[in-house]
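Below are the chains, spelled out letter by letter.
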Amino acid sequence: MLIMRKITKLMSTLFLGITVAVAFTPVAHAETPVNGGSVVYLSSKIPSLNPLHSAYEVGLVTSQIFASPVRMDENNEIAPYLAESWEISSDGKTYTFHLAKNATFHDGTPVTSADLAFSFDIVLKYHRFGKQMFGPIEGYEFPDANTLVVKLSKAHGPLLLAATTPRQLPVMPKHIYGDAEEFMKQDAHKDPVGSGPFVIGDRKTDEYITIVKNENHFVEGLPYLDSIIYQNVADKTAKRIGLRKNQFQLARTDSVMRFSDIKEFSKIEHLALAPYEGIAGGAIVLEFNNRKEPLNNKLVRQAIAYAVNRSTLSNVLHGGYTIPSRSPFPATNVFFNDKLQGYAFDVDKANSLLDEAGYARKSDGMRFELNLIFIAQPFMPDFNTMPAEYVAASLKKIGIKVKLEPLQGFAGWAERSAAWDFDMSINWPGDKTDPAIGISRLYVCENIKKQAYTNTSGYCDAQVDEIFAMAAEESDIQKRTSLYAEVQDILLEEMPMLWMFDTPSLFFRHKDLFFPAYGTAENWDVMYWKTEQK
Amino acid sequence: MKQAIIQRIFLGIVMITAVIILNFFLLHAAPGDVVDAMLAEGGGGDPELAARLRASYGLDEATHIQLIKYLGQVFRGDLGYSFYYDQSVTDLLLGHLPTTLMLTISALILAVVIGTLFGVYAALKPKGIFSNFVTVLSLFGYATPVFWLGMIILLVFALYLPLFPAFGIRSLPEPEHAVGRILDIIHHLVLPTFTLAILYLASYSRISRASMLDVLGSDYIRTARAKGLSETKVIFKHALKNAAMPVVTLAGLQLAQVFSGAILVETVFSLPGVGPLLYESIVRRDFPVILGVLFGAASTTIIANIITDLIYKYMDPRIQSIT
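Line by line, the protein sequences are chains A and B.
Following the working numbering, the numbering of the first sequence begins with 1 at its first residue and continues without gaps.
Following the working numbering, the numbering of the second sequence begins with 1 at its first residue and continues without gaps.
Among the hints, a few may not be true.
If you anchor each label on the Cβ, the simulated ranges turn out as follows [said to hold, decoys possible]:
{"id": "1", "chain 1": "A", "residue 1": "142", "chain 2": "B", "residue 2": "173", "range": "41 to 47 Å"}
{"id": "2", "chain 1": "A", "residue 1": "153", "chain 2": "B", "residue 2": "174", "range": "51 to 57 Å"}
{"id": "3", "chain 1": "A", "residue 1": "34", "chain 2": "B", "residue 2": "173", "range": "15 to 21 Å"}
{"id": "4", "chain 1": "A", "residue 1": "202", "chain 2": "B", "residue 2": "114", "range": "33 to 39 Å"}
In the BS3-like style, the derived pairs of lysine-lysine whose C-alpha atoms are separated by at most 30 Å in a straight line are [to be verified]:
{"id": "5", "chain 1": "A", "residue 1": "101", "chain 2": "A", "residue 2": "190"}
{"id": "6", "chain 1": "A", "residue 1": "339", "chain 2": "A", "residue 2": "479"}
{"id": "7", "chain 1": "B", "residue 1": "69", "chain 2": "A", "residue 2": "190"}
{"id": "8", "chain 1": "B", "residue 1": "69", "chain 2": "A", "residue 2": "185"}
{"id": "9", "chain 1": "B", "residue 1": "69", "chain 2": "A", "residue 2": "125"}
{"id": "10", "chain 1": "B", "residue 1": "313", "chain 2": "B", "residue 2": "227"}
{"id": "11", "chain 1": "A", "residue 1": "450", "chain 2": "B", "residue 2": "69"}
{"id": "12", "chain 1": "A", "residue 1": "298", "chain 2": "A", "residue 2": "449"}
{"id": "13", "chain 1": "A", "residue 1": "131", "chain 2": "A", "residue 2": "479"}
{"id": "14", "chain 1": "B", "residue 1": "227", "chain 2": "B", "residue 2": "237"}
{"id": "15", "chain 1": "A", "residue 1": "362", "chain 2": "A", "residue 2": "403"}
{"id": "16", "chain 1": "B", "residue 1": "2", "chain 2": "B", "residue 2": "313"}
Treat the hints as calculated values from the structure; they're not laboratory data.
For each residue, glycine too, the CB sits at the ideal point set by N, CA and C.
If we strip away everything but chain A, and leave its shape as in the complex, we get (with noise of 0.2 Å):
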């Protein structure tokens, strides 16, 4: 059902291939939004404002800051925004992007075709993800300043949907980002210059950042706010101070808290936990290495999957703020197959599938021993450390001993897992909005690397190879929804790693406060106080 929402919602504006202009309006809603007022974020550390930085809270920024060419709208359908309209051609090779006339930088310079396609190809030689996001692009037309023509050496799938985020691609200005020569080591990042909503205010790095007002911006009437201040504040009775006495109105609640204090957060009257609607997601995974005797084995690896109880872990533990996975794509993505339900709890059965292979209990009652790496607190606890612990409980009732491994930082575990040197290992990949920049470099044979975040399990089959490949190169939003369901079900079967539970997006907000929960949560030009705020 939900599925086929989605596919129609994207067909619309995807598959049609020509999408008639509109200008983006705000749309109705049930109250009517206040213009002005202001919003303390509570953030931790943003360290730069690099659009293409690492740190999450660097891009919650930069989102606000850049524009990009289309995004997200309420209904998680793609909209206008820097382009106002734009076409794919029937081949799937060349996208057509028709830009705001009126959209201008912060400097007053006109946004141009040439920002947006000097953007693509920074975004390409400098983003994390640029070559599965745009990897295809071959060269560029400008028939004028406002349109773009992109042209490609094959169809390339994710291509619009990686484009509805600044953190993905912000459109960013020739004339002042174009003169240095490293990308990286730009004194124009010190005050970025973009299009976006906001522009940035007074600020001091480590303790807080203010964006204020756009009151340029070229989409008419937004934003609502005047300004957002992102407060960095690292300790935890500071927070619960300052959430206690309002001194924030909007918090992400997974880098800043643990799920316990959710509970007792909820209690506060003038707080409200805004459930995550978007389509970007991640999920903790099980990584298994693929490689090596007896994870190599596939019957090992769905015992395992059968014995891990992870409604407990995420109705118990987690107090039902996360969702146990049900497929290898996280229930928000737009490809997500619905069918699936994932693996049940059966301890039963998991003793029966490792007798079934070969590894008999021996005296002590255990059959082997694997080890388990994780990043150690006190980062996200609830992601690393007790998923780690309750997995080593879990299998130790199937007779699997585990040795627990916690790493120092993501630098620590990213060594290790880079190195393939690990028998399990608890992994957080994001799916990157599209299942061919987040999904499938996880499974392919030929993202095989040296690199955290890369098929790290060692995972190879050569069918499941070809259809990420065609779904990647297909524009067509139904042939490749039934390319991924078919994917889904051959590794939910194969089990080269265990989804154990999806990650959504959770914003603690001021009652009082409209947050945009959809597409991915960071269209805060709409964000708006219901009620006059004194």
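Following the hints, put chain B in place on chain A, whose structure we already have.
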């Protein structure tokens, strides 16, 4: 004297070079680099991009080549560039240093003055109530983990009795007047300064009490009293001057830590100081920043030692040479 100082400075430079070399190799022995950390943080990325970034950051060269380049930079006064923060390490340190120095130096002064006075009064009546109070307070300050103390102080004075702000170094929006802004910063610094001072204070009161007791029993104090000098003069002019030597030693040691000695307090009170910067940089393997902080800390230690020696000489003329 002048020559001695020059000699010390020269030795200091040799020491700092040794510290840099040692730290450089230690850091490079740690797993992972900043590219790993950044890609992992961003949810992965393309191996080709990683290789390109390493090349542009100069991380693909052999460790000893990187070291030579780095040393060359440092002697030219350039501490390198942080790719995580997209700015130069010098700017980064200068941005974080004022907060840390304000915090540590005011806490140190507070602790030295109050701690020494406590110690002196406790020594006058070693069995009295006040003396016992000082002993208990010192043990408490000494044994309490500073992050716990900070949290309790936060809860009490920022939540239950909301007299002070819970985080940061300034209010938003900032007061318009310059005087208002200064008062605002002081207001924010009260809780962290007292937290840190309580920790420091313990050592000073203990040491000055013990040292004072020792001095008060010596012959020249008896002579001074026999001369008919007032008790205040005996204690503060005759006894304290000698009893304060260990306090100066300790203060000198702690002065050496002003640069990076308040990581926990800065973290608990969310202050934008050098401590959290160092911690974050270690997690992200941002080597230029870590090396920059260690360079600053080593320099501070050497300068603090020279200052301590000068104070020694002033307080005890018997000490002739500072080497």
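Now the hints, each set against the structure:
Look at residue 142 (chain A) against residue 173 (chain B): about 44 Å separates their beta carbons, and that is inside 41 to 47 Å. With their beta carbons about 54 Å apart, residue 153 (chain A) and residue 174 (chain B) fall inside the hinted range of 51 to 57 Å. Between residue 34 (chain A) and residue 173 (chain B) the CB atoms are about 20 Å apart, so this pair conforms to the stated range of 15 to 21 Å. Between residue 202 (chain A) and residue 114 (chain B) the C-beta distance comes to about 37 Å, which sits within the given range of 33 to 39 Å.
A distance of roughly 28 Å separates the Cα atoms of residue 101 (chain A) and residue 190 (chain A); the hinted pair therefore holds under the 30 Å criterion. Between the alpha carbons of residue 339 (chain A) and residue 479 (chain A) the distance comes to roughly 17 Å, so the proposed pair stays at or under 30 Å and holds. Taken as a hint, the residue 69 (chain B) and residue 190 (chain A) pair is honoured in the structure, with Cα atoms around 26 Å apart against an allowance of 30 Å. With a C-alpha separation of about 18 Å, the suggested pair residue 69 (chain B) and residue 185 (chain A) falls inside the 30 Å cut-off, and the hint holds.
Straight-line distance between C-alpha atoms of residue 69 (chain B) and residue 125 (chain A) comes to about 27 Å, which keeps the hinted pair within the 30 Å bound. Of the supplied pair hints, the one linking residue 313 (chain B) and residue 227 (chain B) holds, its CA atoms being roughly 27 Å apart against a limit of 30 Å. Annotation: proposed proximity of residue 450 (chain A) to residue 69 (chain B) holds, straight-line Cα distance about 28 Å (limit 30 Å). Between residue 298 (chain A) and residue 449 (chain A), the direct Cα distance comes to roughly 22 Å. Compliance with the 30 Å bound is thereby established for this hinted pair.
The suggested pairing of residue 131 (chain A) with residue 479 (chain A) holds, with an alpha-carbon distance near 23 Å, which does not exceed 30 Å. For the given pair, residue 227 (chain B) sits about 14 Å from residue 237 (chain B) by alpha-carbon distance, which is consistent with the 30 Å threshold. With a C-alpha separation of about 18 Å, the suggested pair residue 362 (chain A) and residue 403 (chain A) falls inside the 30 Å cut-off, and the hint holds. For the hint pairing residue 2 (chain B) with residue 313 (chain B), the CA-to-CA distance comes to about 14 Å; that is within 30 Å, so the pair holds.
Hint compliance for this structure: no hint is broken.
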